[in-house]
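Trainee: Turn these sequences into a full structure, and let the hints guide you.
Number of protein chains: 4
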Amino acid sequence: MKNQILLIILLGTLSFTTAAAQDKISSKKQAVLNSVEKHRNSLIQMSDSIWKYAETAMKEYQSAEILANYAEQNGFKVERGVAEIPTAFVASYGSGSPIIGILGEYDALPGLSQQAEPRKAPLEASAAGHGCGHNMFGPGSLGAAIAIKERIETGDLKGTVRFYGTPAEEDLAGKVYMARAGLFDDLDVCLDWHPDYKNKAGTQSSQAVTDYTVSFKGKSAHAAADPWNGRSALDAAEFFTTGINALREHVKPTVRMHYVYSKAGDVPNVIPEEAAVWIWIRDSKRSGVAEVSERMKEIAAGAALMAGVEHKVSLNNGLYEILVNERGAKVLQKNMELVGPITYTDEERAFADTIMESYGLPSQGLHGDIKELEPHKELQGGGSTDVGDVSYIVPEISLLATTAPYNAPWHSWVVVACGGMSIGHKGMIFAAKSLGLTMVDLFENAGLRKEIREEFLRRKGNETWEAMLPAGPPPVPAVTN
Amino acid sequence: MKNQILLIILLGTLSFTTAAAQDKISSKKQAVLNSVEKHRNSLIQMSDSIWKYAETAMKEYQSAEILANYAEQNGFKVERGVAEIPTAFVASYGSGSPIIGILGEYDALPGLSQQAEPRKAPLEASAAGHGCGHNMFGPGSLGAAIAIKERIETGDLKGTVRFYGTPAEEDLAGKVYMARAGLFDDLDVCLDWHPDYKNKAGTQSSQAVTDYTVSFKGKSAHAAADPWNGRSALDAAEFFTTGINALREHVKPTVRMHYVYSKAGDVPNVIPEEAAVWIWIRDSKRSGVAEVSERMKEIAAGAALMAGVEHKVSLNNGLYEILVNERGAKVLQKNMELVGPITYTDEERAFADTIMESYGLPSQGLHGDIKELEPHKELQGGGSTDVGDVSYIVPEISLLATTAPYNAPWHSWVVVACGGMSIGHKGMIFAAKSLGLTMVDLFENAGLRKEIREEFLRRKGNETWEAMLPAGPPPVPAVTN
Amino acid sequence: MKNQILLIILLGTLSFTTAAAQDKISSKKQAVLNSVEKHRNSLIQMSDSIWKYAETAMKEYQSAEILANYAEQNGFKVERGVAEIPTAFVASYGSGSPIIGILGEYDALPGLSQQAEPRKAPLEASAAGHGCGHNMFGPGSLGAAIAIKERIETGDLKGTVRFYGTPAEEDLAGKVYMARAGLFDDLDVCLDWHPDYKNKAGTQSSQAVTDYTVSFKGKSAHAAADPWNGRSALDAAEFFTTGINALREHVKPTVRMHYVYSKAGDVPNVIPEEAAVWIWIRDSKRSGVAEVSERMKEIAAGAALMAGVEHKVSLNNGLYEILVNERGAKVLQKNMELVGPITYTDEERAFADTIMESYGLPSQGLHGDIKELEPHKELQGGGSTDVGDVSYIVPEISLLATTAPYNAPWHSWVVVACGGMSIGHKGMIFAAKSLGLTMVDLFENAGLRKEIREEFLRRKGNETWEAMLPAGPPPVPAVTN
Amino acid sequence: MKNQILLIILLGTLSFTTAAAQDKISSKKQAVLNSVEKHRNSLIQMSDSIWKYAETAMKEYQSAEILANYAEQNGFKVERGVAEIPTAFVASYGSGSPIIGILGEYDALPGLSQQAEPRKAPLEASAAGHGCGHNMFGPGSLGAAIAIKERIETGDLKGTVRFYGTPAEEDLAGKVYMARAGLFDDLDVCLDWHPDYKNKAGTQSSQAVTDYTVSFKGKSAHAAADPWNGRSALDAAEFFTTGINALREHVKPTVRMHYVYSKAGDVPNVIPEEAAVWIWIRDSKRSGVAEVSERMKEIAAGAALMAGVEHKVSLNNGLYEILVNERGAKVLQKNMELVGPITYTDEERAFADTIMESYGLPSQGLHGDIKELEPHKELQGGGSTDVGDVSYIVPEISLLATTAPYNAPWHSWVVVACGGMSIGHKGMIFAAKSLGLTMVDLFENAGLRKEIREEFLRRKGNETWEAMLPAGPPPVPAVTN
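So the sequence lines, in the order shown, correspond to chains A, B, C and D.
So for the first sequence, this note's numbering puts the first residue at 2; every next one is plus one.
So for the second sequence, this note's numbering puts the first residue at 2; every next one is plus one.
So for the third sequence, this note's numbering puts the first residue at 2; every next one is plus one.
So for the fourth sequence, this note's numbering puts the first residue at 2; every next one is plus one.
Since the hints were derived computationally from the structure, they do not count as laboratory data.
Owing to the predicted nature of the structure, the values given are computational and were not obtained by experimental measurement.
Be a bit skeptical, because a hint or two may be false.
Chain copies aren't distinguished; within one or between two, either way the pair holds.
Said to hold, decoys possible - Pairs of lysine-lysine, DSS-like flavour, derived with a Cα cap of 30 Å: (1) Lys313 / Lys253; (2) Lys335 / Lys372; (3) Lys121 / Lys220; (4) Lys220 / Lys335; (5) Lys199 / Lys461; (6) Lys378 / Lys331.
Mentor: Here it is, written out as structure tokens:
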């Protein structure tokens, strides 16, 4: 293990030297790269620890603590339990303007436990695993924040750097609670990155989404003896989904609606008194989601009326689409190129080939190169993130960094395995460096910050941000030992 | 034709003689039987004329006129066009109490035109035909009424006899309009009969029914270009029927609901702006129909809400179930036995066998015997009649008389054919005589009338009669030449 | 407690004396009544123990053992674990013909735990309870069997008496597995009783039922990213129920179909790969169930085809309707009258009033009288029992005995409470005596047995019995401590 | 009227002169422009005649004849009744290569009759009208063909020019039958134009579509008496649409599916024996349509199985998407610019304002300018045309020409009115000239033809064209006088 890490360090240094050669690099930026290298081992150790903890949404106690502690050890002032979420925290350093933030996620996905092996092999049966690579997300971002802190400390840069420990991205919309608490309000710019199978500056949006539970309450009766005395809540749920399916004809092609029954009767011989449908509504724009949600509510009301039962539509949470910032992406792209592509060993390449084959997909190799900057296009794909909400409050710059083989299936054990070994580590260090360099520009260049904000305001237009959350505190699960 | 009629007269006389032998028959009843025989040829001629006219609901101009004229010729005072229906009339004779009524129908069914032949052979392609035997219904009842009129004329009986020319039984609920106009209100007892494949005193009820049109109005749009701008009325109609089908679990086993789409879109590339479902709801009791109808209306409202369209529930009409009168049926039974069974010639029997075989059913012969009086039972079968409404206003005594082979398919050309020849004629004469004799008892026996009314009141209970009709005049079709 | 029991004994004796006075009672029958009285306390103690064990289907280890032990102590030869069910047993005494059987159930219902108090008060939260009174069923029947055994022992009667310990009536169809194993094949007649709110000889049938799981298997996909690559098993399940609901129009009024979704998706953003519907189909006749089941299978196949998924219809189990035996019921009625009505104390009557009021229903008192023998009628109500299968193999005589207030809601805590105190005990003793006396007639009277069998054969007609079970052993749950 | 036409001629000449000034125009092209001007009055008279005939699909007898005659009078060889369609014809002139075709449509739309007035005013109530402007389509294209014919005649150009009289575009897929007959097989390039509210070279595709009728056949029964003996075809139709609506989740966003019920029951009291759904399936690609159609067929089969009925899926016809040709569009654009923008009089502008206001839309003026050439993009909009099939056989160049106010509602009386007066006429002449000039380039420039064909082959790829038609002759309606 040790030897391997040494090799990685050497390779990392090599690639950085190569990158530096491509372009003239300022001394401040050089210092940032050096700083990330200095913390490299610690960042990797934190990533591997969080990978093993594999804690799911709002239960990331150990994961949050390891990051918060490291920030404190490095001189940050840490506020824990922000926004009424025990595993959310904010680590700050410096004072005054500008204030540049960076996000760090660390929640795992249920059921994806896996060893750092190129074959399906759970660490612990039915346990959670980092199938979205969030174990690297937190440490990588913290690495960049610390590098900047060190520049502020030396007086190279002026202002405030803030690391946000943002739990519960996969479920429960952690950042939206943090946003509702106003934690992002005073930022000039915010950065984030995400594990991926390519290195790329983010210029594409995500889908806005709302997550509802539609509940129906009828009247039970013996289904064989006197079904006419019952009012079936399950009938209402079925009418509701019938309505949703017909509605599909009457929504724009960018809309997605999907549901499951979360309650659908206990035993056949009782007319179901209760039933519930769990439904998500997505669109490329929050306004589109809002419009379709109104129709959904009418469908719920109509379904209840048809079945002669009561109903209730409960908002679980909602996420905004990402407001892309092309100006920011351009700066990021330049800095990614300064860092230079990731290089891999033969062992890593073999690991990538083996794991893809073992999953049943053709291996397309590891893409360590830096993809070209792509113009923003109308959203085609699907997927949502609570980064969208942050991007509606403050200009957001997003990076994708390679931590898995090209076209690896996301939310799978493949991503877990690669995130627990050197392929993942390298992507994380690449991210830390690229974001660190980008922050140098943001701190130094007020004109750049202005251009970024202007684009932000233009894209936001008249849309205002409002947390799509139910009233009351976040749904923090009770701790069970 | 003439010879045949002669034969029938002889046979008729014969059967009557046989019947008279079974029981002592009073001189007044004997006079009634004689009277029917006297009018026999005229009754048959009227039946055959109406059979040829084959006029459908509310268009029975010639059929009504031939009956009204014959009543007038026989000294009845005729009021035509009652209840705002041109083809409805009331023919009265006598004065004072008791007032005994008898109903006569004469509307045909669309598309059943047929010759009096034992093989499918339309008189006129796609024309109407008397597939329910109503051509015999009017003349048969009028025959009984005239026989009674002659007894009142002689002073044998005292009171008033009334023949009701009741159009539009098959469709449009003619008697309900007549009932709404109060035409049955002052009757002591009312009688009716219906062609059938057996001779039987009626002790079983019919289904109450309501007939609705549920219309939806949405917003059209190009189904390929911008379906999201449309609101589909057809979606709403489909939701509505989905709701009705699920409701089937939550209604009593006596309920029947059935529908068709009367409007369901014009061309696929236009989101349908209009749609309509035509639905009938039945139960063994009107109260059951009313209860289910309320649920149906909620389903219509819910379906409209689900589709985002407007809706309207229009009552076309509704019929009550028959309030059976077992006391009345018992009197009728006795008088049927006085009249005695119908006898058939070999030719008639052969005709019956041939026609059933030609239709594709096993022949079960002609049942001229008088079936035993059956106790009233909870309704099992299905079918509705506007006689039900009359039976809620005045005690009703109902007779079934054989005019077709046993188990003949009703509303078919088989019934048309038999109703246009001697098999039908015999049943009609049997009905005229049985009802005439029964009326003698009703006129003479105040105690009997009291018992009949007591049963009527007991069965009616707290239920009140109210016409289930839309506001406004009856839906008399415009006359087209 | 003791005093109370003493009072009950005295009252019991009193009622028996009164009954005896109504009719001449044979010495053998008198001996049977005495025998039940002798075992009264033990029977009650067993009933109360089973009531406390409250063990659910196929887990009735203690309940079965207490009964099996008592049978053994009383000289029966006991075979435990019959039909591969650990809690099923057969206890026999005597030899040769006739062989008369009697059934004893002892399984409880989940979630109905309740103290013997007239107010809702669980013994143990969410535990099971005897909401169907089966705690009394086993001991009551065993009491009758022991009384007969004592007559065989003395030589008063000749032949074999058999007590069947029949587990899992509420769920899992215990008797059908026992029937499949041939355990009832050599019986001449079989008897059973069931707790109720009236004393009545059974002349009405139950519903035949089949219990199926319909499973669908599709292909999962990301519901936002590429739903077109998914095939939704949930769509298929919804199509299936749509088909079932429409089918309701096309089945006879005696049919009942009811379902719940046992699997209906996990999270909205994944197209559900698996879904399942749990459905029961009932009719007044097994042949009706079979016919509708065929349509159900076509609907399942059609739904799968529509959704582009695979499907599987798995039979869980099925029950026959009860073949009524009116001849047997007549004998039973006579013997119930010999035993005489149950009398209640003021305290018991107050308990009954209080408990009904507490449940929210009007009290209609305790009906200790013996209801008149009712003729067999076509089934109106709903409900099924695995006694139906036994009744297809051997003539079955069934008794209902009062163990709860009139019109008490069955499968509720009201029934649990009354079954755990003197109201229940009295009903059980009444049942033991009535069945014991009836068995005396069955043993003694070969002609009676012949008449009973003739009716059995007539009602059975051409229908043959075949266990409606999946292949393989009974679904005995794994023991968890 | 005459004066007005004179004015138009002057204005037309004026605009052409202006256009000529913009660019150097070859003498051959100048001759083509002159030729169109020479035939101007005749072309307008033909357009107005066809506008008045307003004949619908496959019934365009007079419309086809007026065009065929004019072609013959101008020296074309005309073959009438091609592809077994009486109103289809091909008019040819010249010989040898290249062979350049041009399409002319002339069918009207039902129910859109309208005068050439800016307010809704039918020429004849419920009659057809040219709501898609096809009255101008045929004469405009013929004008271009004649201008080329005159150049071949003089020896300026070499090869063959062919005018295709293509009936039944709005319905019944006329060109697909002509394509199936091989009539387009030997063309080098084909041209067409379409009335619009802007002048634009076509670079966007249309939707591929298939048009099916899905029929179900069950078994009728009396819906109240014995619905269990019926098998409802309407149930099946409803299952089918339920399946289609659920399928919407599982098709790509480019897919459109829309349906109406073409048969949905006659009267409620009969279980419907027959039902039918008329459904169109569209996608941006024919392969997408084919894929979804397979799922649709499975849904039809599944629905039939669910309802226990028979089914049949009948293809009515299908259309391919347009294979865009950007090289061809570029040439067309250049020639449109040579012709120059359309200019309007104050009266015409006032007419446009009035008619839009009268329809209830804001007036956006008449756009006589030539829109910029747009790059080909993935299809967003909706709509299909049988030009798509031609474009799969031969490279197709398409023009849109302004004949109505900007954003006028298509398939409305607004388009009818404008197509019957000078606004429409000007667009038609613009089209004739632009297409004529483009054909000059196509005849002269073999290299251009090669480039156009290379793009055609590249876009077509491995897809082969096959007529999506039922077997047998075209559905020519019987002639009724």
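Trainee: For lysine 313 and lysine 253, with the copy left unspecified, which applies at a CA distance of at most 30 Å: within, between, both, or neither?
Mentor: Classified as both; 26 Å inside a copy, 29 Å across copies.
Trainee: At most 30 Å between alpha carbons: which applies to lysine 121 and lysine 220, within, between, both or neither?
Mentor: between (47 Å within a copy, 20 Å between copies)
Trainee: Measure nothing new, just compare the shortest in-copy and cross-copy C-alpha distances for lysine 220 and lysine 335 to 30 Å and report within, between, both or neither.
Mentor: neither (64 Å within a copy, 42 Å between copies)
Trainee: At most 30 Å between C-alpha atoms: does lysine 335 with lysine 372 qualify within a copy, between copies, both, or neither?
Mentor: within (11 Å within a copy, 38 Å between copies)
Trainee: Is it within, between, both, or neither for lysine 199 and lysine 461, if the alpha carbons may be no more than 30 Å apart?
Mentor: Classified as within; 28 Å inside a copy, 32 Å across copies.
Trainee: For lysine 378 vs lysine 331, is the C-alpha pair at or below 30 Å within one copy, between two copies, both, or neither?
Mentor: Both ways: lysine 378 and lysine 331 sit 15 Å apart in one copy and 25 Å across, limit 30 Å.
Hint 4 from the earlier list is the only one contradicted by this structure; the remaining hints agree with it.
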